[in-house]
Amino acid sequence: MALPEAQDPIGDPALLLYRIVDALVDSFFPILADFDDRIDELEDQTFLRASDEQLQEIFAMKRLLVGMRKAVTPQRDLFAGLVGGVSELPGMTAEDERYFRDIYDHLIRISDLIDTYRDLLTSSMDVFLSTVSNRLNVVMKQLAVIATIFLPLTFLTGFFGQNFGWMVGHIGGWPAFVGFGIGTEIVTVVLLVAFFKRRGWF
Numbered sequence: 447m448a449l450p451e452a453q454d455p456i457g458d459p460a461l462l463l464y465r466i467v468d469a470l471v472d473s474f475f476p477i478l479a480d481f482d483d484r485i486d487e488l489e490d491q492t493f494l495r496a497s498d499e500q501l502q503e504i505f506a507m508k509r510l511l512v513g514m515r516k517a518v519t520p521q522r523d524l525f526a527g528l529v530g531g532v533s534e535l536p537g538m539t540a541e542d543e544r545y546f547r548d549i550y551d552h553l554i555r556i557s558d559l560i561d562t563y564r565d566l567l568t569s570s571m572d573v574f575l576s577t578v579s580n581r582l583n584v585v586m587k588q589l590a591v592i593a594t595i596f597l598p599l600t601f602l603t604g605f606f607g608q609n610f611g612w613m614v615g616h617i618g619g620w621p622a623f624v625g626f627g628i629g630t631e632i633v634t635v636v637l638l639v640a641f642f643k644r645r646g647w648f
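Using my numbering, the letters of the sequence shown correspond one by one to residues 447 to 648.
Hints may be right or wrong, so weigh each one.
Ranges between beta-carbon positions, derived for each pair [to be verified]:
(1) D472 with G527: 17 to 23 angstroms
(2) V573 with A640: 33 to 39 angstroms
(3) Q588 with V636: 14 to 20 angstroms
(4) A640 with V584: 16 to 22 angstroms
(5) P459 with F493: 52 to 58 angstroms
Hint data in this document are derived by calculation from the structure and do not stem from the laboratory.
Please read all numbers here as calculations on a predicted model, not as lab measurements.
No residue lacks a Cβ here, since even glycine has one placed at the ideal position from N, Cα and C.
Between the sequences and the hints, there should be enough to build the whole structure, so can you do that?
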């Protein structure tokens, strides 16, 4: 709220106090606007590639918001008592009270914005944790597929490595080795890969 040009804040202590406090209170708004932009950027970056730096920045921003809330809440309560008639400021007139009510309205807006941005940061942290969890699940699924493919190969390799009489007598040349030894492993891998693709695991 702008002061009329005819009023000189130097000659009115209440208006001078209003000017000072109003400038201090309004200095929160650019900081909170930067918070809004940065939260949007963090959410976009989290979806693209979540990293530990983003999580650390979320925690740092939440700590900063907690500090701002500790500074704003007592001021809001003070001006609430002032404009509500609970507290009195010496020399304050009814006209001056309109200006202090404007400061009180700004403090309420700032307090609401702080709460909103804290909720947004909490949501961003949940998105980060969900993204990391989903990425871990994908990696675990890939490792499970690889382990499942190598499990029958290990069994076949161990089976054909045994010294059974029939195997020693009939698998002695290169064609038989390729057909029984390598061939069965290739067929097994092809069947498993086809099965995984059909189930949508790839």
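Hint numbers not upheld by this structure, sorted from lowest to highest: Result: no hint breaks.
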